[in-house]
Amino acid sequence: DTEVTQTPKHLVMGMTNKKSLKCEQHMGHRAMYWYKQKAKKPPELMFVYSYEKLSINESVPSRFSPECPNSSLLNLHLHALQPEDSALYLCASSRDRTYEQYFGPGTRLTVT
Amino acid sequence: AQSVSQHNHHVILSEAASLELGCNYSYGGTVNLFWYVQYPGQHLQLLLKYFSGDPLVKGIKGFEAEFIKSKFSFNLRKPSVQWSDTAEYFCASLGRGEYGNKLVFGAGTILRVKS
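In order, the protein sequences belong to chains W and V.
To convert a position in the first sequence, counted from 1, into the numbering used here, add 137.
To convert a position in the second sequence, counted from 1, into the numbering used here, add 28.
Among the hints, erroneous ones may be present.
Below are the DSS-like pairs computed for lysine-lysine, each with C-alpha atoms no more than 25 angstroms apart in a straight line [stated by the list, open to error]:
1) W/K178 / V/K142
2) W/K177 / V/K130
3) V/K77 / W/K173
4) W/K159 / W/K178
5) V/K89 / W/K177
6) V/K99 / V/K77
7) V/K130 / W/K178
8) V/K97 / W/K177
Hints are computed from structural coordinates only; laboratory data are not their basis.
Since the structure is predicted, the reported quantities are computational estimates derived from the model, not experimental observations.
Make a model of the complete structure from these sequences and hints.
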């Protein structure tokens, strides 16, 4: 099973709201990732967690706050977002950072 | 910096035609290479991967890719496409070592297969 699940599928939030995106995998993978994908563009890396520790932050604004509560879960906390943050947010996981990544279906975020 | 370029943004083929999608990566020491596919309304799926060994790799759904180190290329091929192959295809490289094991995607190629 190579399934990565993400909730919610869709999210609409105002610029003053606080919300969270969730990602889960049960493949025993020790690396997890957040990507942002705008329409007609490839995914762009935001954060990498390796063995539950933040390894890479691609200079993402602080209104995005990742969290890795355990090896199976990855959250992305959102606060005071801007309309330009509207995008598809993808979660991925891999055995470790040197292996192929498996992607979830994404959360379609709209900021109003 | 690590980069991936895909030559064609849009490709239109008739069913049963042969497919080749170009991909070039920037030189960066050891790289692992991948092709992902995104069918309409579906999530990114791994088609195939190259880590080492035989430069001709076979993936799912009849796809294959050839790693040519001298040309920094990793082109995707399929001898006979089907309507169900209509999708967006992304080439990606995972630069090892100094490139921090980051997955970098090409811009993508949208393939439309006419039935």
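Each hint, compared with the structure:
1. Note on W/K178 and V/K142: the hinted pairing holds, with a Cα-Cα distance of about 23 angstroms set against a maximum of 25 angstroms.
2. Under the criterion of a C-alpha separation no larger than 25 angstroms, the hint pairing W/K177 with V/K130 is consistent with the structure, at around 21 angstroms.
3. For the given pair, V/K77 sits about 22 angstroms from W/K173 by alpha-carbon distance, which is consistent with the 25 angstroms threshold.
4. A C-alpha spacing of about 23 angstroms is found between W/K159 and W/K178, which places the hinted pair at or below 25 angstroms, so the restraint holds.
5. Between V/K89 and W/K177 the CA atoms are separated by roughly 24 angstroms; this keeps the pair inside 25 angstroms, and the hint holds.
6. Distance hint between V/K99 and V/K77 is fulfilled; the C-alpha atoms sit about 18 angstroms from each other, no more than 25 angstroms.
7. For the proposed pair V/K130 and W/K178, the alpha carbon gap of about 17 angstroms is at most 25 angstroms, so the pair holds.
8. Proposed proximity of V/K97 and W/K177 is contradicted: the alpha carbons are some 29 angstroms apart, above 25 angstroms.
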